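J.: Spelled out, the chains give:
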Amino acid sequence: MFEIFRRLWALNWAEQWQYRANLLMYLLFWLVSPVVYLAVWTTVAQTQGNVNGLTANDFAAYYMVLLVVDVLTSQITIHVLAPEIQNGNLSNRLLLPAHPVLTQVLVNNIAFKALNLIALVPIWLVLYLLFRPALNLNALYLLLAVPALIVAFGILFLLGSALALVAFWTTRVWALWNFYSAVFMLFAGHFVPLALLPPVLQTIARLLPFPYTLYFPIQLILGKLGPQDIALNFGMQSVWLALAWVIFRLVWRAGVRQFSAVGA
Amino acid sequence: MNALRIIGAFLRLNVQVALAYRSEAVVQILLNLMWLGWELTSLAIIFANTNELGGWGPAELVALLGVWRLVNTMMSIIVWPNTEKFNQGLRDGSLDYTFLQPANSQFLVSVTRIELWRLWDFVIAVVLIVAGLGMSGRVATPANIATFLALTVSGAAVLYSLWIVMIAVTFWFTRFDNNVTILAALMDAGRFPAQVYPFWLRLLITFVIPIAVATTVPLQGLRGELAWWETAGFLALGVLAVWVSSRLWKAGVRRYSGASS
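Order-wise, the sequence lines are chains A and B. Everything in the first sequence is counted per the working numbering, starting at 1 for the first residue and increasing by one. Everything in the second sequence is counted per the working numbering, starting at 1001 for the first residue and increasing by one.
These are calculated hints, taken from the structure and not from any lab test. Given the structure is predicted, the values throughout are model-derived calculations rather than measurements. Positions of the beta carbon are idealized from the N, C-alpha and C atoms, including for glycine. Among the hints, erroneous ones may be present.
[What the hints assert, rightly or not] Footprint (simulated), chain A over chain B, 3 or more residues, beta carbon under 8 Å:
1. 1159-1167
2. 1192-1201
[As the list claims (entries may be wrong)] Per the computed footprint, the stretches of chain A lying under chain B, defined by three or more beta-carbons under 8 Å from a beta-carbon of chain B, are:
3. 39-49
4. 96-102
5. 112-119
6. 148-162
7. 248-254
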């Protein structure tokens, strides 16, 4: 199994490296909206001193950490998997004695992430110098963030894969993805730290997996959570990881049975 | 007259395309409505926490959202689809046929593809602008409205010209098929007034990739905040941009030698 991953890594890294210029553009695309929201919320905080206790510096710190957390936990499965299902290439992979999503697609995601992270470092430093947030980082919280980030990626990867697998049934999978992204951006804490959402939306957010994949790691790294909250959030993460696994397995099994490759 | 006939022909062609993919259009319209809901929700959340954003009230931001959507609609009806067609044509050589036709080539590459069903987005944009204005309780004088319309047109002309410059640059650097990404990426920054952004970002979206010229500036005109010489300056910028870009386009076309040769 290890050998499979090693080979796949070499392959996918080489593939991603070939597209490094495109990757920079992708990063630019992805970067604009967090920076815009950072600017919007710091402006609001500056005009009135604070927003519900959050100062301009809090917002700057929040979004600077968000940039890193988002790269670490996000996934691009739909871009890899949906085309393979639609053009029938998945048939070849189904013949291999390893799960295509849990090997090839997973490694592809990680290679993309690794390259993105390298490109993000200089950009992040420039933004840090431009906004100069005071970050009080604590070794213990950073250590705790490691499992939180891995589980968060696991949840998003499994959910994203399950969603991409809808391509087995319909070609409208991109519209579904669009909808999923909008829900994610609102309830994960992309647009605003969740504490500022109206109470109704906060309640909805707590019932969804998204706050545990972005907002929780950010708050953890910023040292905003007490021991009880941390334990609770880790608990919710485990529940969602298990649920995401079940959803993924169910969709996969039903989908493969449904699959009749194009051109076969 | 000739130009109108060409547009008419392309319109007929694009109506046929749109009719072939009816359900796709319905899905896209629904998605667009969802994003509208998202954008309005985000404004509601911002103004639940503050009374003003960089000196602008909620009603004015609704109007700004309308202007931003107006510009975005222009981009998605003609600019993005034609970019795709242009880049592909440059790569596989089919652009040759465009240049062989007896009409202005810049005009041809700008109107070949028209995503007609997005015209519906124009309606939403205009409704947002009118509603925003109504909510603000501000009475816009006819002069303000005229300024607004003129600035919107010239702002759109500036962005269109920038696009022409960006794709014309590909004549020199053929492998540069990310030619318009920076423009597409920064479009999102137009949803909020430029005054909100830190100095460097304001410079970027005012002078380098002038999205603010097509969004914030027209609305400032509508609010009567611009001195006459500022308005004149922005209008002159529009004319200048169109002139420069068409010159650059012609220079680029002269360099073009076809993908196959």
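J.: Run every hint past the structure and note whether it holds.
T.: Hint by hint, here is what the structure shows:
Residue count for the region 1159-1167 of chain B with a Cβ under 8 Å from a Cβ of chain A: 0. That is fewer than the three needed, and the coverage hint is violated. Only residues whose beta carbon comes within less than 8 Å of a beta carbon in chain A count, and the region 1192-1201 of chain B has 6; three or more means the coverage holds. Look at the region 39-49 of chain A against chain B: 6 of its residues bring a Cβ nearer than 8 Å to a Cβ of that chain, three or more, so the hint holds. Look at the region 96-102 of chain A against chain B: 0 of its residues bring a Cβ nearer than 8 Å to a Cβ of that chain, fewer than three, so the hint is violated.
Taking a C-beta to C-beta cut-off of 8 Å, the region 112-119 of chain A contributes 0 residues in contact with chain B, too few for the three needed, and the coverage statement is violated. Given as covered by chain B, the region 148-162 of chain A fails the check, having 0 residues with a CB less than 8 Å from a CB of that chain where 3 are the minimum. For the region 248-254 of chain A, the stated coverage by chain B is not satisfied: 0 residues place a CB nearer than 8 Å to a CB of that chain, which falls below the threshold of 3.
Hint compliance for this structure: hints 1, 4, 5, 6, 7 are not met, and every other hint is.
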